[in-house]
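Asker: Protein sequence lines correspond, in order, to chains W and U. If you read the first sequence in my numbering, its first letter stands for residue 1, the second for the next number, and so on. If you read the second sequence in my numbering, its first letter stands for residue 1, the second for the next number, and so on.
Calculated directly from the structure, the hints in this document are not laboratory data. Among these hints, one or two may not hold up.
Computed far set for chain W versus chain U, every beta-carbon distance over 12 Å [what the hints assert, rightly or not]:
#, residue
1, 13
2, 66
3, 76
4, 110
5, 122
6, 173
Covered stretches of chain W, going by a simulated chain U footprint (3 or more residues, C-beta under 8 Å) [to be verified]:
#, region
7, 27-37
8, 123-132
9, 213-226
No farther apart than 25 Å at their CA atoms in a straight line, the calculated lysine to aspartate or glutamate pairs in the DMTMM-like style are these [to be verified]:
#, chain 1, residue 1, chain 2, residue 2
10, W, 190, U, 3
11, W, 98, U, 3
12, W, 190, W, 25
13, W, 98, W, 21
14, W, 14, U, 32
15, W, 99, W, 38
16, W, 190, W, 21
17, W, 99, W, 194
18, W, 126, W, 58
19, W, 14, W, 194
20, W, 126, W, 68
21, W, 99, U, 3
All values reported here derive from a predicted model rather than from experimental measurement. In this text, a Cβ means the ideal position worked out from N, Cα and C, and glycines have one as well.
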Amino acid sequence: MAESHAIHHHPALKHHFDNMEQQLEAGTIGMWVFLLTEIMFFGGLFLAYVIYRAVYPEGFAVASNTLDVRLGGFNTVVLILSSLTMAMAVYSAQTGNKKRLLLFLFLTLILGCVFLGVKVFEYRSKFEHHLFPAVGWYDWSHEPTHNPALASQARVFLWLYFAMTGLHALHMVVGAGMLVFLMFFAWRDKYSPEYHAPVELGGLYWHFVDIVWIFLFPLLYLLGFHLGKH
Amino acid sequence: MSEHIVSARIYLVIFASLMVLTALTVFAASFDLEHIWGPLNAIVALTIAVIKATLVVLYFMHVRYSSRLTQVIIVAGIFWFIILIAFTMADYMTRSGWPGAGA
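Please model the complete structure; the sequences and the hints are all you need to start from.
Answerer: Structure representation (structure tokens):
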């Protein structure tokens, strides 16, 4: 009895699942439960942002204006484009196109690296302008034209900026490693229209990181944008 | 129940919508809506961000075609996140020292 069942099974089907659909469904739910813990992980920082923004609206708007909206906007476009290429990678896996799967995974990896490159550039400029809120912080509260209260408020904003974008960038680095892993096994013909759960679940992770940035961009970069226009 | 394959055309339409919404949020942020009503700039920016995130979740992440169980789990998770923000702010904003509080 066991043999007559076993011969029809896909080699990637684990014995505790009835069929491939059930296995993918279980994997998808598991991935989503992980992503929900990630929402709560980032959620603490978002909560801190909401509270301090309400307490220090002026300092937050001033500090937000030290960020470059063009670079943030460029990175937003890059990341959404990388979500498109990741979605196309999943599509290529589902339709069994190995060449395209490898191409789209590679494009996603390149776009992720472009994002991180821009981030490094932005961080370096913050260090150069002494806006990193720890080592090398330039205490401009002593400048006669500046309000000392505003400077310490701005410092809270910059701390949150580095914490939130830093945690996000760390997720991007993990995602890049995941893409290399997927490319290796795609190249080894491990994925087929019947079995490509790692590509599918890796896609969920990549899109989640994109969603975090979709919220970070307006909250961090656009907050004081209208003030710079005066 | 076999896996639902979302077409490349739908992915492109969603991508184009996300690009339009990104341009829209930058455009909206260049206006001083705070003169009309204090939190209006933030409300507009967050509304656009929620629409963008919903598009990504429903189509790029295939949740529109996922099982009911998966959908319920996601909604429950987002609900807990809303509790985190809403209950904490309800506490802070009703304290006497809170900026803008009447007392």
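Asker: Would you mind confirming whether the straight-line C-alpha gap from residue 126 of chain W to residue 58 of chain W stays at or under 25 Å?
Answerer: holds (20 Å)
Asker: Given the hinted pair residue 190 of chain W and residue 21 of chain W, is their Cα-Cα distance within 25 Å?
Answerer: holds (18 Å)
Asker: Are at least 3 residues of the region 27-37 of chain W within less than 8 Å of chain U when you compare beta carbons?
Answerer: holds (count 6)
Asker: Verify this label for me: residue 13 of chain W is non-interface relative to chain U, using a Cβ-Cβ cutoff of 12 Å.
Answerer: Correct as stated: the minimum Cβ-Cβ distance to chain U is 14 Å, above 12 Å.
Asker: Assess, step by step, whether the Cα of residue 14 of chain W is no farther than 25 Å from the Cα of residue 194 of chain W, and give holds or violated.
Answerer: holds (14 Å)
Asker: For the pair we were handed, residue 190 of chain W and residue 25 of chain W, check the Cα-Cα distance against 25 Å.
Answerer: Distance ~19 Å between residue 190 of chain W and residue 25 of chain W Cα, so the pair holds.
Asker: Please settle this one: residue 76 of chain W was flagged as non-interface, so is its CB more than 12 Å from every CB on chain U?
Answerer: violated (5 Å)
Asker: Quick one, are residue 14 of chain W and residue 32 of chain U close enough, alpha carbons at most 25 Å?
Answerer: violated (57 Å)
Asker: Please verify that the nearest CB of chain U lies beyond 12 Å from residue 173 of chain W's CB.
Answerer: holds (21 Å)
Asker: Do the alpha carbons of residue 99 of chain W and residue 38 of chain W lie within 25 Å of each other, as the hint requires?
Answerer: Violated. Residue 99 of chain W to residue 38 of chain W sits at ~32 Å, over the 25 Å cutoff.
Asker: Regarding the pair residue 98 of chain W and residue 21 of chain W, is the alpha-carbon distance no greater than 25 Å?
Answerer: Measuring from Cα to Cα gives roughly 21 Å; hence the hint holds.
Asker: Grab the minimum beta-carbon distance between residue 110 of chain W and chain U and tell me whether it stays above 12 Å.
Answerer: Given that every Cβ of chain U is farther than 12 Å from that of residue 110 of chain W, nearest at about 17 Å, it holds.
When the structure is compared with the earlier hints, violations turn up for hints 3, 8, 14, 15 and for no others.
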